[in-house]
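Chemist: Listed below are the residues making up each chain.
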Amino acid sequence: MTAPGGIMPGLRRTPLRRVAGIDRLAVAGGALLAVIVLAALLAPWIAPYPEDGGSATHALEALLPPSGAHWFGTDQVGRDVLSRVLFGARTSLLIAVAVLVISGVAGVVLGVVAGYAGGWLRDVIMRVTDVFLAFPALLLSLALAVVLQPSVTTVIVAIAITWWPWYARLTASVAASVSTRGFVDAARCLGVPAPVIVFRHVLPNSLTPVLVQLSLDGGGVILTAAALSYLGLGAHEPTAEWGLMVQQGQSLFTTDWWVVTLPGLAILLTAFAFNVLGEGLRVRLAR
Amino acid sequence: MNGSLIEIRDLTVRVGGRVIASLPELDVRPGECVAIVGESGSGKTTTLLATLGLVHGAEVTGRITVGGVDVLSAGPAVLRSIRGSRAALVMQSPQAALNPTMRLGTLMRRSLARHGVKGAAARSRAEEAVTAVLLDPAILRRYPHQVSGGQAQRFAIALAIALGAEVVLADEPTSALDVTVQAEVVGVLRRLRDERGLAVLLVSHDLALVSTIADRVVVMRDGAVVESGLATEVFARPGDPYTRELIAAVPRLPGEPDELSEEER
Amino acid sequence: MTRYLTRRLGQAALVVAGVVTLTFVVMRLVPGDPAVAYAGPRASPQELAAARRQFGLDDSLPVQLWNYVRDLAGGDWGVSLHTRQPVRDDLFQAFPASLELVGAALLIAVAAGIPLGIAAARYKGRLPDLSIRLSSMLAVSVPVFWLALALQTVFASGLGWFPVAGEYDTSLDGTSPLHVYTNITAVDALFTGNWPILASTLSHMVLPALVIAAYPVGVVAQMTRAALIEESVRDHARLERALGFGETAVLTRFALRPALNPVLSLIALVFAYSIVNGFLVEAVFNWPGLGRYAADSIRSLDTPAIAGVTLLVAILYVAANLVVDLLQSVIDPRVRTR
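Protein chains in written order, with this note's numbering: chain A, 1 to 287; chain B, 288 to 552; chain C, 553 to 890.
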């Protein structure tokens, strides 16, 4: 699965004039995301039933509807759903950060080299990028998850492998135009070695669009990770993971809605926060 | 009402409290060409667009009437009905001003229909107008990228004629064209003025052009009028140092291509 | 133009070659012996050896890769381990069903996304714009498998408005058998005048198509809005206003045409994405498409089948990109000389 924003980089960006509400939107997305991050960090302290993030079972308290004692109800083995949703935020955000860092670094390094070098090196890197780009991320992740045994690490590796080409492509095009600027020519004429030019001069000046794209893509990573866990190829018990919670509760949707609905809403809300923030940053940058 | 097609009094355009353009008085009468001259950024284009109520995000005060309609107090429907049919715009960059996905004839037909002219009447009006600007009616079947800049500019004038506009608001109409084509467009404007009494409100920084067509001149600098009067008098005895500067600059830039495509907004 | 076309086709062929190689490598990494999976756990050593020979597993890896490429080019995509049928035939069965679903979803996306984009651009910065933009962002943020479950629970299991699963009511095969031409059930039913099956297919399609449409509706609305706003500040829009056209007319009668170009490119890209996204939805609604086939294949470690699905989707992606580039080169001549 590609990122929601991942489809956009090749297409033209809109030079929007100041649009009322846009910055408020970015702020709102950022605030929402901050709340989610805070909830994830503080989960061990704020979760009402800390031990329930793990493997505790309470057969007598299984499938209780939402109440004062269990705001989000309890699941099929009697664990507090609110606590599991809070702990699940840690898993999802960990995956998102890890994927974005790994694929961002790999993509930017390859992209900046391709963009600066040009010629055959650029062609080789870009064709390899195209090959990985052509792979349906979900499918490759599925295949890899089969090879590597389902786990959170597998999910991170699998998504990162299909994610970096977007950043390589984006960075390459930006770096190519940065490389034609005067200060790069000047450095070249002064005999500065190519690696120094690439990493001291071209790289810092090519980063901004990638950073915006990374924040836009957070939502896509969260969604893909949840989908993999839902298919049983990611996190497994007793890890609290939203996609996994949906999968385990799906047969209970009609009778005990809260078991499935609330983890799903958590995925939706987190992806939404990333998208709103990314969109706000994108528009601000384009202006 | 003094028989003027356009009448401007105490016009001030502000953006965010800053005065972009101010013009105490301007009249355009039938068959007359009035030119607003000055360098880019002097508030000319804004003044022109304000005449049609097309300045957005700015505060416009004073009084503007077009064909007897008070532009600043008129509702949107009234404004739309006078745009094109009473006063028509001719823009600086001829091809960019035409929708790239639309045949010239389609734009003409839709514009006529917008002002209530349809069917056979629309067809004959379109052909008559195109012929009046010395174009082959076959051009109506072309797309903008299939016509030259001069043809596109004359087509824009033909739109005004077809819609029955009494005055053309021309914003640097020749600055994007090369010299021979410029002469062509100016020739068409002058002919229409002489034969049909078409009035022209011209905005330009090109004094060579202005001197060949304008009856009266208003010189603007930094949004304010520094001098105005009959073209012949202003050019013969410029009273303001800025006007003298502009005139002195002409011989060094004979029919210069536009060095500033960015007009003030 | 011809040179550009040749170069672009060459690039696409190169990418497909890379995809084939990568698929081959990944498939070799899959644990489990395909020969064992095929011959069964109680097979005799002779049967196993025969299976190994049949799959060419005794050859060296480069030779296997070469044989694999040769077979693919010759139309032999291998035999599925779990259906025991040629993968190509399986794909011919499953792909049209996915296409049917994604096609319906994209129709919904265009029919809803473009008007929403127009409305947002028309009321830019005001309440309708803000609510359309927020809804679009919500639509692209929704986990499809969860939305599928939710809609299925509420509108199929709960209210009973739509069927819970499947492509059409198979009991109709007895009363009004379907003549298969394209394998796209709705199309076949339409052109053979098989109304019961058509009606049944359409009602089965509503929920899964809506779920798949969520993402495309969101991105199409956002892109339409952005492209319209970009067009509406151009010189030609100013002239159109000066000719007496109002904002709505400028947007819908003038700006929409040029603004549709980027939107069309986007739809081609979203198509490939939606096919894969549809896998999850097919799983929930038990739709007999590629997704269900892929899920079954992965469960049974069916290497040739997984490879077949992966290759098909990768080729679709390459083709969609090619179409986008060619469309853009037709629209903008400068692209060709790049």
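A few of these clues could be false.
[Unchecked claim] Derived list of chain B stretches under chain C, where covered just means 3 residues or more per stretch with a C-beta under 8 angstroms from a C-beta of chain C:
id	region
1	362-368
2	381-388
[Stated by the list, open to error] Just a sample of chain C residues kept apart from chain A, beta carbon distances all over 10 angstroms, derived:
id	residue
3	L624
4	R685
5	F714
6	A801
7	A847
8	A866
9	Y869
[Unchecked claim] On the chain C side, residues computed to face chain B include the following (Cβ under 10 angstroms):
id	residue
10	D725
11	G726
12	P729
13	E782
14	L791
15	G796
16	G798
17	F806
18	L812
Rather than coming from a laboratory, the hints here were simulated on the basis of the structure.
Backbone N, C-alpha and C fix where the C-beta goes; we use that ideal spot for every residue, glycine too.
Chemist: Taking the numbered hints from earlier one at a time, note which ones the structure violates and give those numbers from smallest to largest.
Modeler: 4, 7, 8, 9, 10, 11, 12 and 13
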